[in-house]
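Following the hints, complete the assembly by docking chain B onto the known chain A.
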Amino acid sequence: MNAPAPTVRPRPAPEAPGGPAAAPRPLLRRPWARYTLRAGSLLAALGLWQLLTALDVNLWLRFAQFPSATDVVREFADRLGTGAYWQDLTDSLSRILTGFALAAVLGVSVGTAIARSPLVSDLLGPVLEVCRPIPAIALVPVAILMFPSNEQGIVFITFTAAFFPVMVSTRHAVRALAPVWEEAVLTMGGGRGRVLVSVVLPGALPGILGGLSVGIGVSWICVISAEMISGAYGVGYRTWQDYTIVDYPGVFVGMTTIGVLGWLTSTAVELAGRRLTQWLPRTETTGRAATTGRTATTGRSGATGRSAPVRKEAVAP
Amino acid sequence: MSTSDVTTTPAAPVAEAAPPGVRLRLEDAALGRPGAPVLHGLDLEVTSGDILTVVGPSGCGKSTLLRTLAGLLPPLGGRVSQDGAPITRPHADRALIFQEDALLPWRTLRANVELPLAIRGVPRAERRGRAEVWLERVGLAEHSGRLPHRVSGGQRQRAQLARALVGEPRAVLMDEPFGALDAQTRAGMQGLLVEVLRGTRATVVFVTHDVDEALFLGDRVVLLGGGAQGGGRVLDIPHPRERAAHDAAATVALRRQVLESLGM
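Quick note, the sequences are listed as chains A and B, same order. Residue numbers for the first sequence follow the working numbering, beginning at 1 and rising by one. Residue numbers for the second sequence follow the working numbering, beginning at 318 and rising by one.
Because the hints were derived from the structure by calculation, they are not lab data. Note that beta-carbon positions come from the ideal geometry of N, C-alpha and C, so glycine has one too.
So the derived label-pair ranges between C-beta atoms look like this:
id, chain 1, residue 1, chain 2, residue 2, range
1, B, Ala497, A, Gly259, 47 to 57 angstroms
2, B, Pro440, A, Val260, 45 to 55 angstroms
3, A, Gln278, B, Glu577, 47 to 57 angstroms
4, A, Leu201, B, Ser365, 34 to 44 angstroms
5, A, Leu201, B, Pro391, 20 to 30 angstroms
6, B, Asp410, A, Phe147, 47 to 57 angstroms
7, A, Pro179, B, Leu576, 32 to 42 angstroms
8, B, Glu417, A, Pro31, 32 to 42 angstroms
9, A, Val142, B, Pro440, 49 to 59 angstroms
10, A, Gly40, B, Pro440, 55 to 65 angstroms
11, B, Pro391, A, Ser117, 12 to 22 angstroms
Some chain A residues near chain B, calculated using beta-carbon distances under 7 angstroms:
id, residue
12, Val180
13, Trp181
14, Pro202
Looking at chain A on its own, in the form it has when it is part of the complex (with noise of 0.2 angstroms):
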């Protein structure tokens, strides 16, 4: 298991003389070796899968009703052949998309609001710690009553529920900020307008961003089970018919569309948000997310040599 060691080579070596990024990373660490291991988790869950199902395990668990991996895979690759399969993925992330992207702005103006004026924050913070403890789920009567057609009360119900979290995250950061920046601001004849957009925007973003996470997910969580309840078409509820009619495969491809969806979605959160605070001070050991600064477009290796001598400078005071 020796191969890669001609990869380290092409590290430049002038740039970083005897610093930290000259030793080799541990075999497990590099990156090849990272998406194996991670391909190689779900393989193995989805061999676990197959073996429990193929033998008809039935210990405590009962396995000999489940469907296997094969029937599920094969049952997939029927759907995704028809149209009421992508239909359904289409509907489902519209809504999705619609709620999340009216959660994120009100959530971000809303928690930036009480954060900075004790008068909103005296108006909306009682009504919407009433609120806040509320499943979304459980506003599916209240948006059946409200809202004209099911497909706005789904959107809603995907809003509130990725609303609270950006607005909670947003107003913690939006308390955390540094004062100095703000008044270094002012000193520069800055107004409120120009310490929103200057100092309080940007600073508070990392926060921001660690609401907007959880918000997707919470997002997918309750746009399913709205689908689910009160729903024509969707993900959620196609899963729900294929319940009612004992099609268990099935029930399995809209589990697995779920998944797979919520996972792209909150990555693409993720590396947006990356991508918008690359400025960010990170450790070397996050490794992708420090080589991704602004002057590290060359590539990887070269990144990772090149901003290991400037840490090391940071350091010092």
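The following block gives chain B in isolation, referenced to the frame of chain A:
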């Protein structure tokens, strides 16, 4: 020490109206947060183009004085004015340099230096050019595209200096700007500051707890707080910088005088 009487003896007899040449002025000023005054009865004048250093122990109100002059903290009493006009809020004409890292960490050094100009609405090309000039002047030309956390603490303070001076403010207020730097870097920064200020006509109020720094940089030195008598006063030291350069014995004497006044 929450309160201390500061009775200052101005360098020259004060006329009723602010004489020309007085840039910053405090008259019978009480400073501090509401309910927690730190200084009162403070009279102080800073002559246009001078470097006034303020020295004193922690908690004596040095930072409070600067924040009041910056307009971030309204005075509790008395008058605080710049060129005869009361200081009521922050203004681009009084730049403040902080001890901490006050650069916006998501902006490159260049973008940080451009910020005061951007706030003023200076067109992009012009502010880029002016920022480059100042970055060059403080020795950061090669680092201008870097983020603050990618450079050293000394370089960050250089960038703060450039950011403060790029808008050509009439007053620059510095709150222990070199307090967190190591001795060598600090000495370099003091030299740079003197050199850079020579090209401007900025009036400087420089707060420090380092007596030597105060003597080296100050045209006048103000002592705040401390001392057995519990009050601060202005120790009027004309051009200690030149003297220090020429006469080591005079510096030692000055230093002793300052330290005794502080009760050390």
